[in-house]
Amino acid sequence: MSFKDVLSPFTAWKHLFHDPVSIRNPIGRAAAPRYRGFHQNDIEKCIGCGTCETICQNGAIDMVPVEGIQTKQGDSGLRPRIDYGRCCWCALCVDVCMTKSLNMSNIYTWVESDGDAFRFIPGVDKKPWDDAAHGYRRPDDHQLTGPTRLREHMPEMEPEERIGSFAEIVHGYNVEAAKLEADRCVSCGLCVATCPTHMAIPQYIKAIRDGDYDLGVALLYETNPFSSICGRVCTRKCESTCAARHEGDAIAIRWLKRHIMDQVSDEQIKKVVGQPAAPTGRKVAIVGAGPAGLTAAFDLAKKGHQVVVYEALDKPGGMTRFGIPEYRLPYDVIDRDVDVIRSVGVDIRCNVRIGQDITLERLKSDFDAVLIALGLQDGRGTRIPGSDQPMVRKAVDLLRRVTAGEDIGTPRQAVVIGGGNVAMDIARTLARLQKKQYGEVKVILTALEDLPHFLADADEIKESGEEGIIILDSRGPQQVVIENGQVTGLKTWKVKAIFDEQGRFAPTYDETDEQFHPGTMVVEAIGQMADTSLLGDALTEQLAWQRGRLQVDAGGRTSEAWLWSAGDMVRGPDVVSAVADGHRVAASIHAAITQGVQQ
Amino acid sequence: MRELYARLKALYPLGELTEQRKNLAFVTVPAAHLRDTLLHLRDKEGFTHLVLLTAVDWLEEGQFQLTYLLNNRALACDLGLRVLIQRDTATMESIHDLWPTAATYQRELREMFGIDFPGSPRIEEEFILEGWNSIPPYRRDFDTLKYAQEAYAERPGRVTHDPETHMRLQMYPGQHPAGK
Amino acid sequence: MTEGVHGIERLRGKTSLKEILEVATHFEESARDFYKGLIPKVSKRIRYLVEELAAEEQSHYDMFAALAQRTDIAAQVKAEIERTAADSKFSDCIHLPDLGDNPDDQAVLQYAMGREHAAMSHYGELAQTTPAGPIRELFVFLASEETKHKLELEKLYYETVHRGGGV
Amino acid sequence: MLDIFPPDRTQYPAKKADGTLDIDLTSGKYLKLWQGPNHPGITGNMSVELTVCGDEVVEGKTHVGYLHRGFEKLMERRTFIQVFPIVCRVCVPEPDFNEYCYAACVEELAGIEVPEMAKWIRAMILEMGRINSYMMYLGGQAGALGQGVIGQWTTYVRDLMLDRFEELTGARIYHMFILPGGVRDTLPDGFAGRMEETLCEVEKTLKDVYDVMFCNAVFKKRTVGMGVIDPSWLEPYGVTGPNARAAGVAKDVRKDSPYLIYDQLDFEPVTGQNSDIYTRADVRRRDVWVSVDLIRQILAKMPKSGAVMAPLPNVLHWQIPRGETYVRGECSRGEYGYYLVTDGSGYPRRINVRGPSYTHAMALLERMIVGCNISDVAALMVSLHTYPPEIER
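Protein chains in written order, with my numbering: chain A, 1 to 599; chain B, 1 to 180; chain C, 1 to 167; chain D, 1 to 393.
These are calculated hints, taken from the structure and not from any lab test.
Possibly wrong hints are sitting among the right ones.
Claimed, not checked - Taking CB as the label site, the calculated pair distances span:
id, chain 1, residue 1, chain 2, residue 2, range
1, D, A192, A, D141, 17 to 23 Å
2, C, Q128, A, G465, 43 to 49 Å
3, A, K4, B, D36, 54 to 60 Å
4, A, R149, D, E116, 57 to 63 Å
5, C, K41, A, R362, 26 to 32 Å
6, A, P128, C, D62, 58 to 64 Å
7, A, C350, C, K36, 43 to 49 Å
8, D, E116, A, G59, 35 to 41 Å
9, A, K494, D, A307, 45 to 51 Å
10, A, K462, C, K41, 20 to 26 Å
11, A, D266, B, R158, 46 to 52 Å
12, B, K22, D, N274, 33 to 39 Å
13, A, P26, D, A250, 40 to 46 Å
All C-beta atoms in this analysis are idealised placements derived from N, C-alpha and C, irrespective of residue type, glycine included.
Use the sequences and the hints to build the structure in full.
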């Protein structure tokens, strides 16, 4: 203690005439640029996936429908509404926003007497900070929803190896790789609406994460008895609406589905699928053992109905067997799915052609209901000059004959017309046959569409290229060139026109850009159509039609009460759509035959 | 840490040593040997600082784990003693005479977990939860959300929609919801 | 087909606007009748296509019939006009082909596109050689109608044949 | 050992050998008095139930629970990432230790290596928080003895530091910036310059505080020799931080078991000898100088660029294998630690927050308050620098 201790405190007086440091009115004080204030949401970018709601540990976010925002593929139509009575401004919602539509402005002062005003939908309920330039934006490497890219590319054979045989190219994930991929899923469920058969995608992906494969199989079979097949060749529309694609790659949903099926033994699958219900005494005849017919058969058999499936060819599977090459979908995989369908009591009779071996009339009188699911087994032709030559073939016919083990007279040089998956299938099949027979690949593929508009999967295009197939886009076939009665190639013109706003396309040609593609066989792989001749003239006339297809109600029932139709012939070509259709039709048939509507 | 474990193991029937870091390990001690082990560690091994005393509820296994975390400042290392006690009886010997501050931990454990420490000072006095009317709240079988919903009113006007369900109702109503 | 030969004869003789309108009217009429005659021949599943084509031609025929009733363009209608280059192609289409007993959708579409193409070029060139006025506007309108229709048919052809959308 | 915790104090209310109450409230000799929970001289939402004889305190019992939110239970019900925003709320004036300790526990059990850059930023944030916490303390300690002006000055520099927090972390009080995996973002442009200006302001204020508060006859009279913590009490009562360092023991986690990048910084723990209120205040004042120096060192030595977040798995279903760990740090009040137990699920099995106030404000305060003059209770309580929310969590 000293004299200084008495005087020193008075130095405080030196601040007496300093200006005050406090802000007189803090309302309107600009916050730091990265301040976490009221939310902003770009509602055009937002897809309503609800990840923000899931992460919010305060339960401050509700997903609500908004007038003027339609629920559509890849967008639930819901938008987040935030209750600022609960929000703690942690911005985890911004961190996990899959589209980066949700941000926070740096505005934090808002005076309002009505407490309920602090619960609003950012971006919809207009606020002064909607256009604020500053605020919290997720930094670039701040990634909380896992890697944006595929964790592991599907292991597959190298081009040099695969071109030499028809062995399956894709190996399938192992457990570890599948878990890593499954981990990327945010379980928003937007994909479920897009899947034609509405598979429980987030739930079966969760089953992979949890290692519960029996549950996985049970979930798959709820909606899809063709899971081994769809796990390989599905058109996977689901992946096109996956929330993860806004950040990077969509989740490899198709491969994950296959992974579940790969992990479980045939016996275990049959156990999980279970036994059919007690016999009902009702009988259903199904014409065509493709995905639609067999799915309907599976559902109906499980409900206890006696189901007989008639197949014209020697093996079941329809276009999955006779249209898709073995290297994409091995035949034993088809056998596996079909075997499970048989295990619930479905009686599949092959080599029976309805209309020849048994009449449709006969089925009508012997069964309580008849379903025709014929598929699209006839190829369309271009009908350009020269296309009536014998060495101008249809892709579907060739593929069917290759599956049947026939010799198709492999050409040394081939030209394929078409840009869809069937065109890729025949081109790659020919390439393999050429490699085997002649040691070199000489296949040219020409398509009307430009590459970005190809109907084929990107993988197919890429892999075809790797296998040595020359792909020429925007080429319109003009003429098959014949010399001395032999096909020597195809003449094409450049295609100028592009797709219009509705995605429709009317090709116009630039005649000055003509090319000649040499080949001793020209394969037309364009559209397909159904052969409905089994209906006979009288029934065809009797039935109602809708723009070239059988007119059916929502349940697939035709204008004739005893007859249903399903699959590609009604919906267009797609395995999983055919499966979905099979379910719908089975439900309709079940309702009809159990309510005694029939007879 | 290994040597220390070897020395202790010679004296007391200890469980396996879990080396979490090079300066942090956990070991299970039978309840009957806790006091001796603590005394030995405090007086012979330099573990004079009781960092914390807390409990973990292993509800599924019917046990409470009491964790006594001790620190040796000179060696900069920590040893956690795990004592597993029966969940239904939930009683443990008090160590307030070894570290007076333990009395506070034990009071809290009795209130929050329902674990009794007979003889601990003021053990029966309420600590944090005056007028508590349910089971000890830090037990795993106490449902916080359920309690809050019963005890407090929810602010009106809140409703949310699951995207997947909403899309089904909007886009394909009437169809069987998969996986639900 | 006697009707077709008859049509060419008629076209050759007449190059005044009035005559051209008459031929065009007949052209639409014969096409309508052609499609109508085709309706029972095709399978029921593609009948919609032929029915739509017949209805389209009927609407054009109705338009010409209404035109014939108008008096305000009577003077112009009598004027002589230059025979256009597309004329021959146009008349070729009046030469109606035989699509067989049971033509399929692709054949019908191919025929219809060819016909629309000829009509489009013909009306387009007529519009260019006709003096400004209501008649010219009529040709411009007809040309754009046929163009639209042709484009629609081309899209339909692409979707039916190339994208393989079903039957 | 037992002599510092006499047997007669283990039973409350204490009884004499004959079974009668040691403190007989009916005798008219004693008065029961509540200091808090609403009292200007109390450190936050707590209260002390005093029994006084004349103006001498004969017994004190700490009461907490006014701020109990059941954080440890709330954490058990949240996924690992969802715990991150609530941990900071355990301690209002110095929330960042919660964020750091929790993140470090999760990183350790999940096997995540934090990028170097993030460690430096974390250390800087912890030192910034320490300065702020001490500033609040200095204002409180002076205020408890009637010196309001100190609180005004320290609140001002604390606000300047909050500006720095705001521009770095995006928030002023609850920063929610240190999360498992690293930190949210890098330093904003020009941050070091503005930080230097703030540090200069801190230094200027510290000098003023020294002149007006520490070289002050009244302050010295009231605090020198008051509220002594006997060095032998440190271990029994679990005393850590400045409370221990003022008693001459250089306990400082930053030095004893260096975490983050403290082994790359040059500093010595601040100690004192007299262990009274004045010494504790002085240790804290000098500790601010250390923190100012540490921030300067960090800004000078930290990497110029680099990632601030480690790659995380998808946090929406993040599961951590079974395990347990404890991570500690040296906060402004002593040893702050998180004990995390995981069971392989997506949720923590148990989280225990070890705050220094837990021992300081309960057993230690109750021991020290006996014999104290009633007018010194506030100064004594504040001198232990306790924050009640970390007691009741």
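Comparing the hints with the structure gives:
{"no.": "1", "hint": "D:A192 - A:D141: 17 to 23 Å", "verdict": "holds (22 Å)"}
{"no.": "2", "hint": "C:Q128 - A:G465: 43 to 49 Å", "verdict": "holds (47 Å)"}
{"no.": "3", "hint": "A:K4 - B:D36: 54 to 60 Å", "verdict": "holds (57 Å)"}
{"no.": "4", "hint": "A:R149 - D:E116: 57 to 63 Å", "verdict": "violated (25 Å)"}
{"no.": "5", "hint": "C:K41 - A:R362: 26 to 32 Å", "verdict": "holds (29 Å)"}
{"no.": "6", "hint": "A:P128 - C:D62: 58 to 64 Å", "verdict": "holds (60 Å)"}
{"no.": "7", "hint": "A:C350 - C:K36: 43 to 49 Å", "verdict": "holds (45 Å)"}
{"no.": "8", "hint": "D:E116 - A:G59: 35 to 41 Å", "verdict": "holds (37 Å)"}
{"no.": "9", "hint": "A:K494 - D:A307: 45 to 51 Å", "verdict": "holds (50 Å)"}
{"no.": "10", "hint": "A:K462 - C:K41: 20 to 26 Å", "verdict": "violated (47 Å)"}
{"no.": "11", "hint": "A:D266 - B:R158: 46 to 52 Å", "verdict": "holds (49 Å)"}
{"no.": "12", "hint": "B:K22 - D:N274: 33 to 39 Å", "verdict": "holds (37 Å)"}
{"no.": "13", "hint": "A:P26 - D:A250: 40 to 46 Å", "verdict": "holds (43 Å)"}
Consistency note: the structure conflicts with the earlier hints numbered 4, 10.
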